[in-house]
Amino acid sequence: MSDANRLDAKLQSALVARLTAMADDELILGHRDSEWTGHAPLLEEDIALANIAQDEIGHALLWLDARSELDGSDPDELAFFRDVGAFRNVRMVELPKGDWAFTMLRQYLFDAYETELLGRLRTSSYRPLAEAAAKAAKEEVFHLRHSALWIERLALGTDESRNRLTRALQRIWPYILQLWQPLPGDAALQRAGIAPDPAELEEAVMGRVSAALAAAGLEPPTDAIPHPGGRDRHGEALVSLLIDMQSVARADPGVEAW
Amino acid sequence: MASHAPQAGEGPRWEVFKQDALGKPHQAVGSVHAGDAEHALLMARSVYTRRPAAVSLWVAPAEAVFAVTAEQLADDDRWSVEDGGQERRFLVFRKTSHRRSMTFVDHVGEVTAAGPRAAVAAARQAFPEPPALAWWVVPADRLSASPDAEAEAWFDPAGDKTYKQQSAYGLLAPKKRDRSKGGDR
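These protein sequence lines are chains C and A, in that order. All residue numbers for the first sequence refer to my numbering, where the first residue is 1 and numbers rise by one. All residue numbers for the second sequence refer to my numbering, where the first residue is 1 and numbers rise by one.
Isolated chain A, as found in the complex (with noise of 0.2 angstroms):
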């Protein structure tokens, strides 16, 4: 695999979160390699939706996610140091839930504050219910997303492949069986 590879290696990595639907939160679904910015979009669209339904993508630097648990609040105050700095806006993901199978952190909302931790605080304060298993926050100006012009290139496609789909190859072995029996299928 490594053969082709640039020297700069697979470059940063990306957390992705993507909407299912208008009206729902974006949610975090795992993270790709990309050089920049554009083109972690790219490569989200293809890792995460190729077959799941989805309207939006957004992907920040992973860097730029400054996340923090329930535990880690409840143990150590000293997340809540104030960072300093100018205000800025960063928007709120949290966990609510441990029962899915995979790890949403959803989108709830957006805050005005100072740095990362100041931004966790306001954001226990503005969204305190229901009770947050994981907070993350994001600066406003690290993340992109993918262009609302494209929605329907980008996310429409998928919706009609039905190769893509695990089901659509269920039914071999029966077809086959029929033939073998001399069935007239």
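One chain only, chain C, in its complex shape (with noise of 0.2 angstroms):
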């Protein structure tokens, strides 16, 4: 019997939700990475990160995989036939690009956040997602290295460069609830040993955001108010995203390699 096999007809519907939304995350932010390719302030970190855009949406392909799994649903088919009502990402990846210091906050937030789910993850009971986090995670060690220490040069730098760090802490803020706000199927996933628990994962994640920015002589916002709803609201910036990201898969639907 395989894994899959094992859970009930409520633990997978759940899991499926709750890999639709790791990956989605993945994906968007992986896309967003990506547009800096070109333009990155310089040559080096252009590379960097367009390495790390392949690494993340190399993570939501090992969680449509898992779903797939599952449901037998196609990783293509999700990332480049969905509508913007189906995806299930956080706000956070969605917004623009913004400047450097945006997408390195934005980048590090996530990364925080991913270092203590991943790490959660790889104790998961349903055995290929323990995999999958073992594999995803350790990538995950130089993502936080790399956005941290821009997190930390871009606070101690110009004021320029804290001004801007600041603005986009302001901006970002409001949204990093989303990341652990649970899914209508979690409860039972945490249950069953398959996922954390979101507000233990939330205390992790943010001790260790909050002993960073306090590193670098920065607070988090204290007037910031929540994004309110779940991760199936979004804004025009993921249309406007999914439009560019989807563009080729759509031009030709039939095609079998590109």
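Because the hints were derived from the structure by calculation, they are not lab data. Every residue gets a Cβ at the ideal spot worked out from N, C-alpha and C, and that includes glycine. Heads up, some of the hints might be wrong.
In silico EDC-like pairs for lysine to aspartate or glutamate, Cα to Cα no more than 20 angstroms straight-line [what the hints assert, rightly or not]: (1) C:K138 - A:E152; (2) A:K95 - A:E129; (3) C:K135 - A:E129.
Label-pair restraints from in silico Cβ distances [to be verified]: (4) C:E203 - A:G109: 48 to 58 angstroms; (5) A:E150 - C:L43: 56 to 66 angstroms; (6) A:R89 - C:D74: 53 to 63 angstroms; (7) A:D76 - C:S210: 57 to 67 angstroms; (8) A:A64 - C:F81: 52 to 62 angstroms; (9) A:E110 - C:S240: 12 to 22 angstroms; (10) C:G72 - A:D141: 38 to 48 angstroms.
If you follow the hints, you should be able to join the two separate chains into one complex; please do so.
See below:
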């Protein structure tokens, strides 16, 4: 019996929803990162961020492959032929790429979250998830080092770099709570030891982030009004991102290789 | 490209040394621009190890690398004037072959000397064979290494990235041809 068959129907559909959310975060963030290709402030960073974008899109594929084991869905179909209303990414990752400070801050916050998430998923009772998490976790060590380095350098650099980072923090902070907002099926996944406790995950991520910001002389904004709504609510930014990201696949839907 | 560039520009240049496997020497593979040593190591990882195998990286500020060719040594003995100063450790690199397409300058060992010129003289004595075409010496305290504890995270992932390999794209054209002929693949 495969690992997927051991889950009852309720757990299967809860896990499909969770995997879709995780994959969409990675896919949309990876695409936003890829928008810097050819435009990064340094040639070396251009290569580094393109590499990270590929890694994040690779992580999306890990989660979509795991979903495919459960419901037979096709990862390419999900990535390139779903409409905006069916995406389940957090708003944070779809926001336009902004300046380098915004891009690095978003990447840092997501890397901190992903590092803590993957650390917990490595001990998931659902083996395919634990194995995929172990694979992605290796790359995440490097991603976090890279984005954390930039947070420190921008915060302690010039007035300009610090102002830009502060503005980015104000822009992004209202969206951060969405990262651990539970989906309806998450409680069941948690009871089955498949996915972590969101409250405990939040505490771990916020502990890590607050310490890094404090070390750089920054504080999380206290007056941010959390963005309401769940992962099914998106902004115009995601519409235009999908038009761009899906255009090649949709131009020739029957193509067998590209 | 320049619109987002910080006023400070692209930062100093760093020479990058890559070790392909344990037991092999670190080899000079090129350079990166970066603001500091840690940033230089991260950039080196992205630029020089995405596809090729690697187990360790070193970086050193380009201005800390003293380089001299065999021709310079033969033509001009001013290089050998004693620099003076404190005895310190230098890492020694040498190029011994023109055979390969890249300019490999391999790590060969270490000497203690009062300055870079004296270090080259000591290196010639310590490592006479095979004859060197060029020597590089770098003060040991100017060199920074990728963290050994994170080697897996830095270098393993490149190994399973088929889509990063040029060869992974080789089959696309034949597949498309099959389809246009109505082939059943």
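Which hints, by number, does the structure contradict? 3, 5, 9, 10
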